[in-house]
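Peer 1: The hints should help you fit chain L onto chain U, whose structure is shown.
The lines below spell out each chain.
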Amino acid sequence: MTQPAYGIMAEFKTPEALTEAVRAAKHAGFTRIDAFSPFPLPGIAKELGIRTSTVPWIAFVAGLIGAAIQYGSQYWMNAVDYPLNVGGRPLHSWPAFIPASLIVAILWAGAATLIGLLLILRLPRLHHPVFAVPGFERASEDRFFLCILHDDPKFDNAAIREFLGVLSPMAVSEVPACE
Amino acid sequence: MSSDAHAAMSPIADIPLSHHFGWAWWLAFLAAGGLVALLAYTLISVTIIGVGVWGVNIPYVWGLDLINYAWWIGIANGASLFAAILVLRRHDLRTAVNRFAEGVALFAVICAGIFPIFHLGRPWLFYWTFPYPATFEVWPQFRSTLTWDFWAISTHVIVTSLLWYVGLIPDLATLRDRARRPIVQRIYGVLALGWRGSVRHWAFHQRAYRLVAILVLPLILIMQSTVAFEFAVTLVPDWHETRQPLHFVATGLAQGLSIVLLVAVLLRWGLRLGRYIDEGDIDLLGKLVLASALVSGYLYVDEIVAAFLSGGLAQEATFARMTGEYAGLYWTAIVYSVLFPQLLWFRNARLSTLAGVFIGVSIGVGIWFDRFSIIVGGLQVDHLPSSGRSYSPTLPETGLFLGTIGLFAALLLLFVRFLPVVSMFETRHDEHEEKFS
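Heads up: the protein sequence lines correspond to chains U and L, in order. Its first residue numbered 1, the first sequence is counted upward by one per residue in our numbering. Its first residue numbered 180, the second sequence is counted upward by one per residue in our numbering.
Among the hints, erroneous ones may be present.
Straight-line alpha carbon distances no greater than 30 angstroms define the calculated DSSO-like cross-link-like pairs of lysine-lysine that follow [what the hints assert, rightly or not]:
#1 L/K466 to U/K13
#2 L/K614 to L/K466
#3 U/K46 to U/K13
#4 U/K13 to U/K26
#5 L/K466 to U/K26
#6 U/K46 to U/K154
#7 U/K13 to U/K154
#8 U/K26 to U/K154
#9 L/K466 to U/K46
Quick look at which bits of chain U chain L covers, simulated, 3 or more residues with Cβ under 8 angstroms [claimed, not checked]:
#10 29-38
#11 46-56
#12 78-86
#13 91-101
#14 106-114
#15 122-135
Since the hints were derived computationally from the structure, they do not count as laboratory data. Each residue gets a CB set at the ideal place from its N, CA and C atoms; glycine is no exception.
Excised from the complex, chain U in its bound form (with noise of 0.2 angstroms):
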C-alpha cells in the first residue's frame, strides 16, 4: 500500500448489528472508530464516548453577552449618550430596557448555537473519503458503517479486515484516502 487509506469500512443492515460491531471493536483495544447511520443513535454515541456538553455552554456564554451588550448599549444610547427627556421619565428607565435584552439574548444563544454546531462539525464539508465507499449513499436512507480510522495505534489493514469479517457485515471496503 503506497497510498495511505483513510481507513476501513464495514456496512451492516441494522443498528442492532452496527451496536454490536462498535462494542466489539471497542473491546478489541481500537480507539478511532466513527460510526454512520440514517438516524440518532445515541447508545453508540454513548460508548464512543461523544460529549456534547459544549454546546449548552456555547449557548449560555453567548446568551449573557448578548444580553450584557444589548442591555448596555440600550444603557449608554439612552441615558448617557443621547439623553432625552420624555415627560420627566427616568433616563435609565432599567424595567424598558428588558424585553429587549431577553429576545437578544436568545438571538445570540440561538445563532451562536446553531453556527457553532456547524464550526463543530466541521460542516460544510462537502467532500470526505468516505463518500468514496460504494453504498455509502444508503447511509442517508437505511444502512449503517462502522469506519475504523487509519490513525489508529491498532491499524492494520489485514488485521482489521479479518476483525470485521468476523461481525458478518454486508460488505468491508477500505476508504482511500483523499490526497
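Peer 2: Relative to the frame of chain U, chain L by itself:
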C-alpha cells in the same frame, strides 16, 4: 428493516425529486403568484404615493396594516410554540407535524415583517430602528415598545430560519443521495453541507436542535407580549389593560394551531401522506385546536368580566367595542374562533378533511376580526372627544392583506414541492423503534 425502510421513505422523498408537479399545484401556484403580483403592486403604490392611499387617519392610525401584522405574528408564534413543545416533549406527533409547523411559522413571520416596515411610511429608511452610529448623532428610543418589536421580529426570523434549516440538513442529504439528475444532486448536495450521518454529528445535531427549540419558547412568549404591550402601554382606555399580553398569547396560539391543522389536512389530502400524518395525529391536533379555542373563549368571558369590574372610561370603551358601530367585528370573532371550533368535540369532525379546512380557516378568520375589533373598535372611546370619524380599509390595504396570503401560500407551495414536508430521519427512527418495541 432495510428494504422496508427503503420503500417506506420513498413517498416523502419522491415528492421533491419528481419533475411532475401536477396540475393542482400549478393552478394553486398560479393563483398564489397572482396575489404576490398584487402584493408587489400595492407595496410599490404605497412606497411611491405614500400611506395616504390607505384609509388610516387620526384617531385610526393603525388600520389594516397593524391588524394584519398582529394576525400574522399570532400565526407565526402559535405555530412556533407548538413545534417547540412537540420537540421538547419528544411527542410522536412531532415527526409528522414539526417540520411544516416550523415552515408555517417562518413564512408567517416573513409576511408579518412586511407590514411594520411599510407602516413606517418611508420603508427605505427602516434601518433607522437599528442602532447604528448615524451622522445626525441620534439613537433609537429604547423606552418605546416599538423598538422592542424590531428586535423581536428580526430574532424570530433569524432563529426560526436557522432552526428550520439545521433540522433539514440530514433530510437534504437523503435527497442528495436519492437524486438521479446531476444538477439536482448538486443543489441538494450543497444545501446538505456534506452531511454524512456520523454518529458524532448526530449527537451534536440533536443536542443543539433541542436546545434552540427550548430557546424558542420564551422568545415566543416575549414576542407576542411585546405586540400586546404596544397596545397596553398607550393611554387608550380599551387598550390600557394588563390582560392584553395574555389575550394575544392565548388567541395567537389558537390561531397558530388552527393554521397547522389546516396545512396538515391539506398536505394529507394533497400529497397523500396519510401514512405519515396518520389519523391519530390529526385527531390529537383537532383536540389541541379545540382546547385552545376553549381558552380563547375563557379570555372573551374574562374580557367582559374585567370590563364590569373596571368602570369609568375603560368600561365604557370595552362596551362600546361590544355594542357600538364595530360590534359586528367583536361578535364575529367570538362566533368564528370559539363557537365553530366546538364542532371538534365530534370525532368524525376531527377526522374529516372538510371540517379540518373549515375550522382551520374559521379560527384564522375569527382572530383576524378580533384584532380588527381591538385595533379599530377599541379607539371609539378616548380621553378626547371623538372626532366622529370612522375607519374602513381602502382597496390598496385589502390588496396588501390578500397579497401576503398569496405570498404565504406561494412559499408553502414551493416548500412542499422542493423539500421533505415530514422529517424523514425522524420517521425512520420511529419506524425502527416500533419494529423493535
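Peer 1: Each hint: holds or not?
Peer 2: Checked hints:
Distance restraint check for L/K466 and U/K13: the Cα-Cα separation of roughly 40 angstroms exceeds the 30 angstroms cut-off, and the hinted pair is therefore not satisfied. Taking the CA atoms of L/K614 and L/K466, the gap is near 28 angstroms; set against the 30 angstroms cutoff, the hint holds. The suggested pairing of U/K46 with U/K13 holds, with an alpha-carbon distance near 21 angstroms, which does not exceed 30 angstroms. Proximity of U/K13 to U/K26 is assessed by CA-CA distance (about 20 angstroms); at most 30 angstroms being required, the pair is judged to hold.
With a CA separation close to 48 angstroms, the supplied pair L/K466 and U/K26 exceeds the 30 angstroms bound. The straight-line distance between the Cα atoms of U/K46 and U/K154 is roughly 22 angstroms, inside the 30 angstroms bound, and the hint therefore holds. As the CA atoms of U/K13 and U/K154 are separated by approximately 26 angstroms, the hinted pair is consistent with the 30 angstroms bound. For the suggested pair U/K26 and U/K154, the alpha carbons sit about 11 angstroms apart, so the restraint of at most 30 angstroms is met.
Proximity of L/K466 to U/K46 is assessed by CA-CA distance (about 38 angstroms); at most 30 angstroms being required, the pair is judged violated. As drawn, the region 29-38 of chain U meets chain L at 5 residues by the rule of a beta-carbon pair under 8 angstroms; at three or more, the given contact holds. Remark: the region 46-56 of chain U is confirmed as covered by chain L, as 5 of its residues place a Cβ nearer than 8 angstroms to a Cβ of that chain, reaching the required three. Counting residues of the region 78-86 of chain U whose beta-carbon sits less than 8 angstroms from any beta-carbon of chain L gives 5, enough to reach three: the coverage restraint holds.
Counting residues of the region 91-101 of chain U whose C-beta lies closer than 8 angstroms to any C-beta of chain L gives 5; at least three are required, and the coverage claim holds. Here the region 106-114 of chain U counts 7 residues with a CB under 8 angstroms from a CB of chain L, which clears the bar of 3, and the coverage holds. Under the rule that three or more residues need a Cβ within less than 8 angstroms of chain L, the assignment of the region 122-135 of chain U holds, with 8 such residues.
Of the hints listed earlier, those the structure fails to meet are numbers 1, 5 and 9, in rising order.
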